[in-house]
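Chains as they are written, first to last, in numbering that gives the first Met the number 0: chain A, 0 to 137; chain B, 0 to 130.
These aren't lab readings, by the way, just hints derived from the structure by calculation. Incorrect hints may have been included.
[To be verified] One side only, chain A facing chain B, incomplete, derived with CB under 7 Å: (1) Leu19; (2) Val53; (3) Val57; (4) Thr59; (5) Ala60; (6) Tyr66.
[Said to hold, decoys possible] If you anchor each label on the Cβ, the simulated ranges turn out as follows: (7) His99/A <-> Phe3/B: 36 to 46 Å; (8) Trp118/A <-> Ile125/B: 48 to 58 Å; (9) Ala32/A <-> Thr54/B: 23 to 33 Å; (10) Asp64/A <-> Leu13/B: 49 to 59 Å; (11) Trp24/B <-> Leu30/A: 39 to 49 Å; (12) Asp64/A <-> Thr20/B: 46 to 56 Å; (13) Leu120/B <-> Val50/A: 33 to 43 Å; (14) Gly62/A <-> Arg11/B: 35 to 45 Å; (15) Thr54/B <-> Tyr26/A: 44 to 54 Å; (16) Phe124/B <-> Ala113/A: 25 to 35 Å; (17) Ala45/B <-> Phe72/A: 41 to 51 Å.
[Stated by the list, open to error] Covered stretches of chain B (chain A as the covering partner; in silico rule of three or more C-beta atoms under 8 Å from a C-beta of chain A): (18) 21 to 32; (19) 35 to 44; (20) 53 to 65; (21) 77 to 87; (22) 96 to 103.
No residue lacks a Cβ here, since even glycine has one placed at the ideal position from N, Cα and C.
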Amino acid sequence: MDFPADRNRGLKMATRSRPLSPHLQIYRPQLTAVLSIVHRSTGVALCAGAVALVWGIVATALGADAYACFSDFAASIVGRLLTAAFVFCLVYHWLNGLRHLAWDTGWGLEIKRAYATGWTVVVLAPVLTALSLWCLWT
Amino acid sequence: MTAFRTPLKVVRGLGSAREGTGHWWGQRVTAMALAPLSIWFLWFLAMLPGADHATVSAALGQPLSALLMLAFVFTLFYHAYLGLQVVIEDYVHPRALEITLMVLIRFAAVLAVLSTAIAILRLIFIAAPRT
Ligand code: HEM
Chain A
0 MDFPADRNRG
10 LKMATRSRPL
20 SPHLQIYRPQ
30 LTAVLSIVHR
40 STGVALCAGA
50 VALVWGIVAT
60 ALGADAYACF
70 SDFAASIVGR
80 LLTAAFVFCL
90 VYHWLNGLRH
100 LAWDTGWGLE
110 IKRAYATGWT
120 VVVLAPVLTA
130 LSLWCLWT
Chain B
0 MTAFRTPLKV
10 VRGLGSAREG
20 TGHWWGQRVT
30 AMALAPLSIW
40 FLWFLAMLPG
50 ADHATVSAAL
60 GQPLSALLML
70 AFVFTLFYHA
80 YLGLQVVIED
90 YVHPRALEIT
100 LMVLIRFAAV
110 LAVLSTAIAI
120 LRLIFIAAPR
130 T
């Protein structure tokens, strides 16, 4: 919309010094933002994992044939990769979810704490994922 | 206009979406329940002595495991439904598609929970499912 009375509006807006929102392509990624989008991505990925879980439970109840179909897939290379991805997403989302819940009580919102808990998640997520997979597969 | 409402009424007035903090709170409560249930879930999987059909059926047919698994699946789909709603609101802009997806994920979540419930009941009541 361009109103005749305000034809210079665009110019005025460009030259006035006003805060800009971050321009994602040229904005240096920050830990907090990256962890936030990964929380969302893992949440969406876990939804697919949840459907796979229902498949497994329903297959178990249907009988040995349906179960074999599920367990053969789970034991295949692709199945194992997906299992590992699922466990990673669960562990990460769990750790970062606790971070969210702490923030909701008002704890940990200071920049320093937000970074400290963020790095804790970065370190713990792979460690706990490896530990869980080890318990799962041995 | 709003001057005639008490602050409490404004809070209960439920905002533009008419649901107040219900959605946000639902996401937190399900998250709090999922935190321990997820640990139980991983532990349950790790403790299965084998992944053969008989073992898994017996394990899931056990009342306590059945209860916890059902609680886990129900809570997880409730939480996932609330979470996906927010993601759709943020990224899906054509209104018709947005509403369609909202309805579809709701149907999907309900179907998933009901299927799990039926499957688990069957495993409880038919100790050895027909092969
Ligand atoms: C196990 C299956 C789970 C699934 C499928 C799942 C899925 C999701 C999804 C789709 C979202 C929305 C993401 C967003 O809006 O950015 C979400 C958000 C959230 N999840 Fe989960 N989640 C799971 C487990 C958990 C657990 C175990 C916790 C807690 C320890 C948790 C805590 C949270 C919190 C606090 C949010 C809100 C984040 C926000 O407000 O941005 N979730 N989850």
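When you take the CB atoms of Trp24/B and Leu30/A, is the distance between them in 39 to 49 Å? Since the Cβ atoms of Trp24/B and Leu30/A sit about 28 Å apart, the hinted range of 39 to 49 Å is violated.
Tell me if Thr59/A is really an interface residue toward chain B, meaning its C-beta lies closer than 7 Å to one of theirs. Holds, because the Cβ-Cβ distance from Thr59/A to chain B comes to roughly 5 Å (cut-off 7 Å).
When you take the CB atoms of Leu120/B and Val50/A, is the distance between them in 33 to 43 Å? violated (20 Å)
State, for the Cβ atoms of Asp64/A and Thr20/B, whether the hinted interval 46 to 56 Å holds or is violated. holds (48 Å)
Hint check: is the beta carbon of Leu19/A less than 7 Å from a beta carbon of chain B? violated (20 Å)
If you check the beta carbons of Asp64/A and Leu13/B, does the distance land in 49 to 59 Å? holds (51 Å)
So the hint says 36 to 46 Å: do the beta-carbon atoms of His99/A and Phe3/B match that? With a Cβ separation near 37 Å, His99/A and Phe3/B satisfy 36 to 46 Å, so the hint holds.
May I ask you to test the interface hint for Val53/A with respect to chain B, counting a Cβ-Cβ separation under 7 Å as satisfied? Where the cut-off is 7 Å and the nearest Cβ of chain B is about 5 Å from Val53/A, the hint holds.
Hint validity - Ala60/A Cβ closer than 7 Å to any chain B Cβ: Since the shortest Cβ distance to chain B is 4 Å, the answer is holds.
Verdict on chain A covering the region 53 to 65 of chain B, where coverage means 3 or more residues with a C-beta closer than 8 Å: Answer holds; 3 residues pass the 8 Å Cβ test.
Take the C-beta atom of Ala45/B and the C-beta atom of Phe72/A, compute their distance, and say whether it sits inside 41 to 51 Å. violated (20 Å)
Please verify that hint: Tyr66/A, Cβ, nearest Cβ of chain B, below 7 Å or not. holds (4 Å)
Of the numbered hints stated above, those contradicted by the structure are hints 1, 9, 11, 13, 14, 16, 17 and 22, listed in ascending order.
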